[in-house]
Structures are given as structure tokens and as C-alpha cells.
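**Student:** Here are the chains, one letter per residue:
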Amino acid sequence: MAFIELSNLSKVYGTTTVVENVNLSAEKGEFISFLGPSGCGKTTTLRMVAGFELPNTGNIVLDGTDITNLSPRDRNIGMVFQSYALFPNMTIGQNIGFGLQTRKLSKTEIKEKVAEMLALVHLESHIDKYPYQLSGGQQQRIALARALAINPAVLLLDEPLSALDAKIRVELRLEIRRIQQTMGITTIYVTHDQEEAMLLSDRVMVMSQGHVEQIGSPSMIYNHPATEFVAQFVGQLNLLPVSAVDLDAATCTVAEQTVHFETAAGREPGESPRLAIRPEELHIGLPATDEEVNVLRGEIASVLFLGAIVRLRVRVNDVFITADIFNERDLTFPRTGDEIVLNFSKHACWLI
Amino acid sequence: MKRGSFWSWLWVAIGGLYFFLPLLSTFDFSLRAKKGILTFVAYENIFKDPQFWSTIRFSLVIALFTVFFSILLVVPTVYWIRLRLPQLRMLVEFISMLSYVIPAIVLVFGLIRVFSGSPFYLTNSYFGTYVLLVAAYVVLTLPFSFRAIDTGMSAIDVRSLTEAAQSLGAGWGTILFRVIFPNLKVAILSSVFLTLATVIGEYTMASFIIGLKSFGPYMSLVGQNKTYESSSITIISFLMTWALMMVIQLFNRTKANNGTHSGGR
Ligand SMILES: Nc1ncnc2c1ncn2[C@@H]1O[C@H](COP(=O)(O)OP(=O)(O)OP(=O)(O)O)[C@@H](O)[C@H]1O
Ligand SMILES: [Mg+2]
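Protein chains in written order, with my numbering: chain X, 1 to 352; chain B, 1001 to 1265.
Please note that the accuracy of each hint is not assured.
[Unchecked claim] Quick list of simulated restraints, FRET-style, between CB atoms:
hint, chain 1, residue 1, chain 2, residue 2, range
1, B, Phe1181, X, Gln181, 38 to 44 angstroms
2, B, Thr1241, X, Lys111, 46 to 52 angstroms
3, X, Glu116, B, Leu1091, 46 to 52 angstroms
4, X, Glu124, B, Ser1054, 32 to 38 angstroms
5, B, Thr1241, X, Ala166, 50 to 56 angstroms
[As the list claims (entries may be wrong)] Some chain B residues judged to face chain X by a derived CB distance under 10 angstroms, without partners named:
hint, residue
6, Ser1154
7, Asp1157
8, Ser1160
9, Leu1161
10, Thr1162
11, Ala1164
12, Ala1165
13, Leu1168
14, Val1179
15, Phe1181
16, Pro1182
17, Asn1183
18, Pro1217
[What the hints assert, rightly or not] Here are a few chain X residues that sit away from chain B, every Cβ distance over 10 angstroms (derived from the structure):
hint, residue
19, Glu5
20, Val12
21, Leu54
22, Ala85
23, Gln138
24, Glu195
25, Met198
26, His260
27, Ser272
28, Pro279
29, Ile325
Simulated from the structure, these hints should not be mistaken for laboratory data.
Beta carbons are placed, not taken as given, at the ideal position from N, Cα and C, and that holds for glycine.
Pulled out of the complex, with its shape left as it was, chain X reads as follows (with noise of 0.2 angstroms):
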């Protein structure tokens, strides 16, 4: 049995369906994210989780017990706001001791679960000042340090790093599983930063427009995508308009050129088939021989030097591909207009 546990929910605005009969089983200590575009539904359904909305249809049981109906106080669990929502008239240890406060607990007990917590986020040194003299990422770690201080069941954060610049949001996101794994606790976390759910995540959870891509590990997600969506959400994907399709003999032509793609069950293409390969599945050169390995010749359109990788863009007689490779000191860069053969294995390559 599952700890926690959404069936069928659903959740319904005037006449929109925002969420559509979303299914989702997690098992305890485990961290999952719900990734996709802005208005997939992601909050909706986080907040459903929290007792802020109510289904339409649906319902979620948590440790064997239907909360579905059950007011958001009576819950127990942490919740962790875009906006921090710290209460500005109180200081840091009192935001901290403010869930421990409604439960009832002695003065004494409730001081050592603040300092506890302050030094598992590693601000010890401010209990006494008031958010609004910390900066953004302190402000969002006490925070954290607030919903974790009452031991809730699940812990729920909805964006929680989107407002902080680029280098505290790295240096957060690593804080936050560091914590999550420590204290094993089951973990539900909305982004649509594909890089955070991936780093972060046991198991990602892609919407899109209210309903469920895919639900899998980061990995499974990322090379093995169940759906058109998928492939091009997660990551950088290439899509090659394709002909003379022989499903049998699992070939097909792009751009002139026979490729051998593979087949898998459960994973027809659509009407309009087209190749679908990652920029980084494809190599310079000539292969070692290998017949498995398919082969397009063109030449360089455009070159992109993005650090860690070089992007080229090449034309295979009118169609563009996107090929990444790895950068290196003594790379002589490929320069527009030269020409250059690309390979790629055909367990690289499927139809959608």
C-alpha cells in the first residue's frame, strides 16, 4: 500500500477542466515532482493535496486515511510557498515555533525543535531578526525550516526557488534534497525547471494541459518518453520529417538517406510520422563499422559555443539538424559550410 495516494482527481473551474483524472501512488521517504508549462495544473493539484482546493471527483488517501475531505489544519503537512509567506510580524524563531505554538507544545520543547531545525538549515545565528532582513534564500530556508518543524507526513513545495537568481537556486535545490534525504521524508515538489525535477527527483510526474504525460524516473522520462509531449519537454529533441516508412523492416528515409530507427511496443507512430533523436545521440565521423549504425552526410549551418557543449546546427539536403557534442581545449571548431558526417545508433532513434 502506497503512503500517499491521488485517484481520479479532478478539479473543475466554471466550465474548465484545470485538472483531468490524475492518478499518482508514492511510496514514504520518496520525492516526486510535477513538471510541465505554466497552466498544466500543477499548483491545482499540489494544492489539492494541502486541503486548499477541493476535488471535483477523485480522492487522496494518506497513510491509509481518506484526507480528501479533511480541512487543511488537520492535515499535517508541510507546505513551502513561492513567496515564502513568512509572518512578517514575527521573528525567525517565532515564524519556526508558530506550527509547534498551535500544537500545544511547553516553551521548552518548542525552543529545542527551533534551534534544532535553524541548524538543519543552517541559520542559527538569526533566530531573533525579522524576515524582513534576510535575503531571499534565507527567507526561503526558514521557510523550509518552518514546515519540516512539525514533522509533517508530506512535505509540499510549490516553485519554491523560482524567485531567487540563478546561483542560490542551484546552491538551494541541492540544500533541499540534502534535507529531504536526511529526515526521509516524503516530498512532493512543482517546478517547470526540467533541470531542478530531474536533479532532484525519484520520480518525475510530466502534465500537460490538466492530465498526466508520464510518471517515471528522471532517466526512464529522459529516454524513454511515452509520449510526443514528453520527448520534446524534456530535453532538446530533434524531429526529422520522414518517408517510404517500412514498419516491418523498421526503416524509413530522412533527407534522402535510409535510417533504421527501432520499434518498440505500445509505441506506434502517429499519422504523420516523423524521426525523433536527441542532439546528443549524434556523432562526427564514420562509424566503426557497424551495421546498426545509421549515417547522414551534410554540412555545417550554424555553430554554437554554449561552454560545456558546442551546438551545431546541420543541413542534410533541407533538413536541419541539431547535433551537440562535447566541448573540449583543442577542439578545432567546425566552421560553417564545411562538410561533416554525422552517426547514430539506430537504438538512438524512434518514430512519433
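Once you have looked at the hints, place chain B with the ligands on chain X.
**Tutor:** Frame of chain X; chain B with the ligands shown alone:
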């Protein structure tokens, strides 16, 4: 630049004269109770009058009750509108403005008519009239109090704070009194002083519901019967209002400082 500042100063000067000249001449007149010399005797007479003190005390008490009930009414209302019923905002704003549009004299006749009869009979006892007066003042000052509280509430993220408190196990009472009220301190104080300034000198409602017991009607009586004292009491009440306004400014100023740089509290 130079020309621009010349013209703006000129307008400020004209505005200042328009405002201060009548005040100055009133003040000047109030000092001329004795022929040929300047004297504060008109002020002395006012301060020596026991009725001045009793009426002002009475009006102050009424004003404090008004403040108390108006905050108790307005804060939860504004809070709930922001949190749950944003579609009612226009309606409530309109209602709060009504007392601004309807002349006080019309309002007070309506009130007396409705509440003197069955089942209220509020005008049959002193206590009843006090209740009626306080209630009338709560309505009369709604335009200020609603606006002040609403502005204050727009400065805090009511929704997230409420939800954060809820998820930490707080009930509505705790949320209102430990989270919402304390973060509205400045807004509540401005509303308090605006209400005080309005209520203490109010004439129409006070004279019809209570009569000479309160400060407004007393001022008017002095104005009608005593030549020099009518001017001195004008100046006194003006100074009182002004002092209240200064206090509001002071609170707003400290608040602004807290927001911009992270000075201590
Ligand atoms: N109270 C509401 N009334 C009506 N529609 C709403 C309400 N709340 C959300 N919606 C709609 O529901 C849809 C999903 O909203 P939601 O906030 O869940 O998206 P999201 O995935 O969190 O997006 P974002 O990444 O921008 O935060 C949106 O189209 C939004 O306009
Ligand atoms: Mg959202």
C-alpha cells in the same frame, strides 16, 4: 528648471495663503476679546468651562467605541473579501461609500425613524442612544476605515500567509489575531486617527441623537452665543485635528522606513 520651480512655488504660495489667511485672521480675532490689547482670555474662558471638558470627554469615549467596533467590523470583512469573495468587492466598496454620498441629516432621520420604533426602542434610554450614535458613527466613518484597512491589506500577501498558517494548524481566530491584525498595525492606526478626528467634532448626528452632551453641538452653541470664544474654539478644535493628522503621518513615515532599508525595530 528655474522658471518651472518659480511657478510651482507661486502656486504653493497661493494655495498656502488660501488655507492660512482665514485661519490667521480667526486666530487674530480670537485674541481681541479686550479692547486695544491682545489677550488669551477667550481661550481661558473655554478651558474654564466645565462643559467643554465634559463634552469632549463624552465625545472621546464615543469615538473610542466607534473605533473599536469599526475595526472589529472592517478588518474581518476586508480580509474575507480578499481571501474568498473578490467578486463582492465592488458591492462592499459601494456600500462603504454610501455615507459619503447621503447627507448626514438624511441618514440621522432615517436612523431615528427606524430604531426608535419596535422592536429596537433605542431612543428610549440613554444607553440606547449611545448604541445608536456609535453605530451611526461606524457607518459614517466607513469610507475612511474601509479604504485604510484595504490599502494595508493589499501590502501583505493575505492568501499565502493564511494558507501558511492553516497548514501549520492554525484556526481562524489564531490567523486573524496573530497573523492578520498584527501585520495591519499601521493601517489600523491611520484608520483609528481618521475616525477619531471625524467623530470628535461631528455635529449633525450628535445633535439629533444625543444633543448638548457631546462636543460638536457644544462647539456650535459657543459659536452662536459668544463672539470671541467662537473663534478660539475653532482654533482649538483645528489644532486637535491637526495633531491627530501629524500622528498618522508619523506612523506612516516609520512604516516606510522599515520597508526601504532594513533598520532595526
Ligand atoms: N481559482 C481559479 N479559478 C479559475 N481558474 C483557475 C483558478 N486557479 C487556477 N485556474 C486555472 O487553472 C489552470 C491551472 O492552473 P495552475 O495554477 O494549477 O497551473 P500551474 O501548472 O501551477 O502553472 P504555473 O507554472 O504558471 O504556476 C490555469 O489555466 C489557471 O488559469
Ligand atoms: Mg503554479
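**Student:** Which hint numbers doesn't this structure obey?
**Tutor:** 4, 6, 18, 22
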